[in-house]
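A.B. asks: Take a look at the letters that make up each chain.
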Amino acid sequence: MNARVAKLRRAGGRAGHAAILVFFVTFLAFPFYWMLITTFKTTQDLQNTEHNPYLFHDPPTLHHLAVLFEDTQFLQWLVNTGLVGIAVVVITLLLAVPAGYALARMTGPWGQTLGVAIFLTYLVPPTILFIPFSRIIAMLGLQDSLWSLVLVYPSFTVPFCTWLLMGFFKAIPRDLEDAAMIDGLSRFGAFVKVVMPISVAGLLTAVIFAFTLVTQEFVYGVTFITSSSSYTVSVGVPTFLVRGDVYFWGSMMGACLIASVPIAIIYNFFVDRFVAGFTVGAVK
Amino acid sequence: MTEAAFKSVAAAQRAPTGFLGRLADNDRWLVRAMLAPAILYIALLVGFPFLLSLWYSLTNVTVASPTMQFVGLENFRRIIESGTFWLSLWNTVVITLVSQLLVIVFAHFLAMALVADFRGKWLVRLLILLPWVAPISLGSIGWLWIFDSIYSIINWTARALGLFDPTFWPIWLGQPELAKASIIIVNVWRITPLATIIILAGLTSIPQDIHDAAAVDGAGFWRHQFQITAPLILPITLVALLFGIIFTFTDMIVVFVLTRGGPYDTTQVIASWAYFTGIQGGDLAGGAAISLFLFPVLVAVAIMFLWFAKRAEVT
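Which chain is which? The protein sequence lines are V and R, in order. Numbering-wise, the first sequence is residues 1 to 284 according to our numbering. Numbering-wise, the second sequence is residues 1 to 315 according to our numbering.
These aren't lab readings, by the way, just hints derived from the structure by calculation. Every clue listed holds true.
Derived lysine-lysine pairs resembling DSBU-like cross-links, with alpha carbons at most 30 Å apart: (1) R/Lys121 <-> V/Lys7; (2) V/Lys170 <-> R/Lys310; (3) V/Lys193 <-> V/Lys170.
Short, incomplete list of chain V residues facing chain R, as computed with Cβ under 7 Å: (4) Ala102; (5) Val124; (6) Ile128; (7) Pro132; (8) Thr223; (9) Val275.
Partial selection, computed: residues in chain V whose CB lies under 8 Å from chain R: (10) Met106; (11) Thr127; (12) Ile131; (13) Thr162; (14) Arg187; (15) Val219.
Yeah, the Cβ is synthetic: ideal placement off N, Cα and C, and Gly gets one too.
The following block holds chain R by itself, in its conformation from the complex (with noise of 0.2 Å):
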């Protein structure tokens, strides 16, 4: 007898009564009970303020008003039209390419250093991983701390090393472009665990017979880097460089601890330009059309990871 058959006898011998006693055995509509809240969730907590916040954005609504008008694109004019929103976006991308460009290269050498095994390596690892797992906002206070215009670590210790001159003493975060620079260096800190153990996996999954076929043929350590090991992991390294993105590029809390914008909005980006504006201002209608310049770098990440998403079912 089939597989198949023994089934249907064993389903016929138990002979479920009821609706419930029905659903749980059969497979379509127990299928769909079983999906059916989580996407009902989803779709209430994610689609709806979503569709919310486009309506949002095409009206005047604000924290104290009880109704709302439909503007058209009024709030989108104010948007381009104000400095602040060019300066947002400039440094939103600036931000988000300068620190993911050395997250992969710092990732890269990271990852290469932990193949190896050594003694001692599960405290590397936990170490290495601390920013990542530590609430951003936390993390952000101890470089708040570390920045500080009077009790800087770093200054005293590049002073210390001869380094810096003793008259110079850098504001880290009182000053626009250094303050751009401290916030770059935190998002490195903070999404280089994450790219480090995505690729390290990758590394990982490389068959030992292609290095070592690789060091027979004669293969020096650069062109083994370059020629063997770069090309294998670049699709995972791509996988990190989505998440690094994303990650950094809606990110407002960094921003919001270090420098909350300043100073004079020097440093806002796009999202912590959303939060000041539409929940602090409370101008809901300006935040939402705000965050929504935010949409489309999220559209793009998503049709990549649907790429991989269709390669990864292909091979």
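Bound-form chain V, shown alone (with noise of 0.2 Å):
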């Protein structure tokens, strides 16, 4: 009797477990599975309401990605968002690689405190920034330029990346570049020779987070970039797209895949380590 209620249990746990899995893998997945059908369906299909939407009713069709990259700028709107995406990388690794190695050899309280403090710029939002700087970018004669958007997303890769690596850092042992300089190494010789070697796996989390941010990015360039030759994919969609009166559905639908999906992926190895960077040491 007994064995067959605890039986029922962990049945019953099962279940549970799959419909919490089922209801959220839908919730959350759903606007990409529907931006996939959308993408290879005629319009005639999207646009007949007697149909069952969830079903081809015409053969799928590559007709939306032959007017995305054909007719529209999709193909130059992601070849500017791996430009930019490449300078700001390099800027921010030049920046935050030392910073996060001073910050984590530091000794005492102060190292923590200006580690947290460069962390907190990091969440001083675009939505703040962006109408001084569209001024500041104006005088520089920036503006439509992608040249604006490499100055200015620095501000916020940095100071993350810096936090990432601080931690990155800390965790290597002190031994090895100690072993270094009695061997005659400067600590600067031991930081490029002996701790950048090892370091590889974490230059590449900073190198992937500065990356997927550039890509994500909408405030500033919809702020700086007005004319549609210089627009970052995660721009150029949304408004380039959508205006006027006709909304190219499909192309927009097969757009979003194309700009996400890939990144999500590489992200998707990662992560962890975003996590720990993300919880201030909150687990321990």
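Starting from the two chains in their separate frames, assemble the complex, guided by the hints.
C.D. replies: Pasting the structure below:
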């Protein structure tokens, strides 16, 4: 009797577990599934309200993707995003790697306080800074130029990556550098020749994170850039493809999928490190 | 010989030459030299614009004007007297509180379901992370299509399942209350993944001994959840909540893409209203003053974070 109750309870637990997962996967992933369906449906099929929208009534079509790549500047936006991303990643690494190492090896309460202070600047949102920036960018003559984004985006990638790298460098035992210094390297030499080579995973995390932040950014992009050929993907698709009375839903959904899924797959491999960065030492 | 003595002997043998050589080996100055570029960049690109925004809010600067005049608190007086301000503030607070409450509840359930190992876990994790990693503006466009006035898949499905009356066809983004609900849904959708993985990190850090001890003592499922697990992951839940509040409170993208603040400014939030006033309307001073109303919440959250950082240092 008791064993039967326990068995029932276990089955109930499993069913509950599955139900929770099904509910959340549906809620969170449905918009992407819906993008996928919409991308490959013909326009007549999309606009016929008699049809069951979950099914294909006309055979799947590549028409919307062809429109996206041939008749819009989508490809240009992808290239722009890539270029800005690479430039921002380089600037971020140049600034955040030395800063993260210096903070990790700074002794006393100063290091921690300064680290937290730098991290807090990451929380200052673009929606507070974009108005003064719009005038600064105009004065520098960088409106409509991708350089405006290259200049401003490190203002949020550097603080987070510095914090992320600080945690990473702290985990490397000091003995390694001490040994290298006894062998005749300077402190800086030990950093470059001993610490950097074993920090590849941490550096890669910073690269992925900075690049992801660039692809996600919208507020500065929509503020500084007005000509469609200089848009990044996250700005171009919602502002340029939505304007006017005609919504090219198929092409828009295709654009959203292409611009978000590959990054999500890469990000997935590094997510535990980001969590470590986000949780500010609350997990021990 | 001690390690320090070893080092000094090594340093003496090396005898660094030139300014850079000496810098490379002087810890105090090296630290400063390595920190300075990052701090300078942040000061110039976060600190300076912030001060400029304070200054703009006290002037009458516009996009076109080459000069500006000090007008004192005139902009703030104008904002506080405007009905749109109070509506935006109310919307921002309601959207943030309701969405983050739902996020915390959802994230707990989902994190608990993800602690156990099961087949296909990596795929589930990838799928639930998508809303967080995808650019918000693009995710919001997906929702724009889901909430479409004619082709809304929600309405179609609900009608097909008999949940909606044949005459009932809500226009999600066209009615103020429904539009606000839509914005909340998209914010919940976007922040839930982040909160889930943060809380999941908290759950996996609880030592198994504690669960075992509770099981031996005969704690049931709910008692275990509320008296053992919940208090242990309270700090990390707060961290997830703080990030959720910051990202939702200061966001303008969801509103920008879904409703542009409409119908008739009824779904405007502080950040989007600052954009429409300052950038599209060209009233930089007004826009700067509006966006400064985001600042008190930011300060409050920053203080909470400092408190956490201190706590983490002590333990």
